[in-house]
Amino acid sequence: MAGESIECDKCEVIARKIVPSSPQIDDILGRVIKYECSRNSSTENLKELVPKKFKHKFSSNLDLGTILKADSIYIITTQFKRLKLDIINKTGRHKASKGTINEYTFAEIKYPLENVLNSMTHRKALK
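Per the working numbering, residue 1 is the first one in the sequence shown, and the count goes up by one each step.
Among the clues, some could well be false.
[Claimed, not checked] Below, in silico cross-link-like pairs of lysine-lysine (DSBU-like), each with a Cα-Cα straight-line distance of 30 Å or less:
no.	residue 1	residue 2
1	LYS10	LYS90
2	LYS10	LYS34
3	LYS95	LYS52
4	LYS84	LYS52
5	LYS81	LYS52
6	LYS84	LYS95
[Claimed, not checked] Ranges between beta-carbon positions, derived for each pair:
no.	residue 1	residue 2	range
7	LEU62	ALA2	34 to 42 Å
8	LYS124	LYS52	40 to 48 Å
9	ILE28	ASN118	29 to 37 Å
10	LYS53	ALA2	20 to 28 Å
11	THR91	GLY30	15 to 23 Å
12	ILE28	LYS124	38 to 46 Å
13	LYS124	GLY65	30 to 38 Å
14	ALA125	LEU64	36 to 44 Å
15	LEU113	VAL19	16 to 24 Å
16	VAL19	LEU126	28 to 36 Å
Rather than coming from a laboratory, the hints here were simulated on the basis of the structure. Virtual Cβ for every residue (Gly too), placed ideally from N, Cα, C.
Please model the entire structure based on the sequences and the hints provided.
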């Protein structure tokens, strides 16, 4: 669902396209790096926040092991070290990039997969 989000101290990111931005200043977190992950993206919470309190968005999921899957995910992190990406086989035809962020991470769904699936069924109905 669009707007669904997680906050964690360690996060695994998988996407076919991961685009970093230049360092920016966030009102709440200070200096951050933003990433746009698109084309079948997913993020998983590998380490809970200590203390388990929201920092960026009140409705974020803070539980360990929470996974977000979407067509596009927006990530904000306090980790300035460039995200090291490994190439993995995501589907039978497409490879994806996989990386781990070891500092505070906020990830939010921009475009859910449901929109893509709904548009495909709508196109089939039009034919």
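Results of checking the hints against the structure:
1. LYS10 <-> LYS90: holds (21 Å)
2. LYS10 <-> LYS34: holds (15 Å)
3. LYS95 <-> LYS52: Roughly 34 Å separates the two Cα atoms, so the pair is violated.
4. LYS84 <-> LYS52: holds (27 Å)
5. LYS81 <-> LYS52: Between LYS81 and LYS52 the Cα gap is close to 24 Å, so the pair holds against 30 Å.
6. LYS84 <-> LYS95: holds (16 Å)
7. LEU62 <-> ALA2: 34 to 42 Å: violated (19 Å)
8. LYS124 <-> LYS52: 40 to 48 Å: holds (44 Å)
9. ILE28 <-> ASN118: 29 to 37 Å: holds (34 Å)
10. LYS53 <-> ALA2: 20 to 28 Å: At roughly 24 Å between Cβ atoms, ALA2 and LYS53 fall inside 20 to 28 Å, so the hint holds.
11. THR91 <-> GLY30: 15 to 23 Å: violated (37 Å)
12. ILE28 <-> LYS124: 38 to 46 Å: holds (44 Å)
13. LYS124 <-> GLY65: 30 to 38 Å: holds (35 Å)
14. ALA125 <-> LEU64: 36 to 44 Å: For LEU64 against ALA125, whose Cβ atoms are near 41 Å apart, the range 36 to 44 Å holds.
15. LEU113 <-> VAL19: 16 to 24 Å: The hint (16 to 24 Å, Cβ to Cβ) holds, given that LEU113 and VAL19 are roughly 19 Å apart.
16. VAL19 <-> LEU126: 28 to 36 Å: The hint (28 to 36 Å, Cβ to Cβ) holds, given that VAL19 and LEU126 are roughly 32 Å apart.
Violated hints, listed in ascending order, are 3, 7, 11; each of the other numbered hints is respected by the structure.
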